[in-house]
Amino acid sequence: KQEVTQIPAALSVPEGENLVLNCSFTDSAIYNLQWFRQDPGKGLTSLLLIQSSQREQTSGRLNASLDKSSGRSTLYIAASQPGDSATYLCAVSKGAQKLVFGQGTRLTINP
Amino acid sequence: DGGITQSPKYLFRKEGQNVTLSCEQNLNHDAMYWYRQDPGQGLRLIYYSQIVNDFQKGDIAEGYSVSREKKESFPLTVTSAQKNPTAFYLCASSATLTGIQPQHFGDGTRLSIL
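These protein sequence lines map, in sequence, to chains G and E. Each residue of the first sequence is one higher than the one before, starting from 1 at the first, in our numbering. Each residue of the second sequence is one higher than the one before, starting from 1 at the first, in our numbering.
Chain G on its own, in the form it takes in the complex (with noise of 0.2 Å):
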């Protein structure tokens, strides 16, 4: 069965730091990855989305990348600002788009 750990699950850091946050998933043969923010009380909004045969995606100040052979994903964000505070999740899927989530992480940037 397909889990995925999101570590840590909290982080706070000054504002225009660099950070990078974890993702890891015990099934290796997935089809895709998206990292999703979510603010709170609200939805998921897709941030990033890598296929199992990209290495990669950047959007703007976002950085995903994908290692499948061990099971990891990292998000890294340049140069946080505080509406960058928000919670955000990982999530894997093996085929007919069934996404398995971590847990989050709740990120606070401090102004």
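In short, the hints are calculated from the structure, not lab data. One should not assume that every hint holds.
[What the hints assert, rightly or not] Which chain E residues face chain G? A few, computed with CB under 8 Å, are given here:
hint, residue
1, Pro39
2, Tyr48
3, His104
4, Phe105
5, Ser112
Glycine included, each C-beta is placed from N, C-alpha and C at the ideal position.
Starting from the structure of chain G, add chain E where the hints point.
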């Protein structure tokens, strides 16, 4: 604007009552999904649908039912058999079920017990 609309935003259920959560999308997506989110936990899949008149159970389908009579609508009924229904419910859609396109989410419905 294209998107997913969930209603109501807040819902209260009495003992023994069935309640229905609405999910409508105007993205012309084929696939739709229902997830449950409990505090401090990730999302868990309840049901998903690939096309109209077809749906499949997810990991925690017991106590829930769905229908897919129209492409744009995928309502979720929380039945009285679901003994712990208090949670945040999220509906999502994707263009297909193949995993190439990302899933898009609504803003959720928070269900509580009276």
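Outcome of the hint check:
1. Using the Cβ-Cβ criterion of 8 Å, the hint placing Pro39/E at the interface with chain G is not satisfied: the shortest such distance is roughly 10 Å.
2. This hint holds: Tyr48/E has a C-beta 7 Å from the nearest C-beta of chain G, less than the 8 Å allowed.
3. Given the 8 Å rule on beta carbons, the hint for His104/E holds: about 7 Å separates it from the nearest Cβ of chain G.
4. Contact between Phe105/E and chain G, as hinted, is supported at the beta carbon level, the nearest pair being about 4 Å apart and thus within 8 Å.
5. Restraint check, Ser112/E versus chain G: the minimum CB separation of about 13 Å is more than 8 Å; hint violated.
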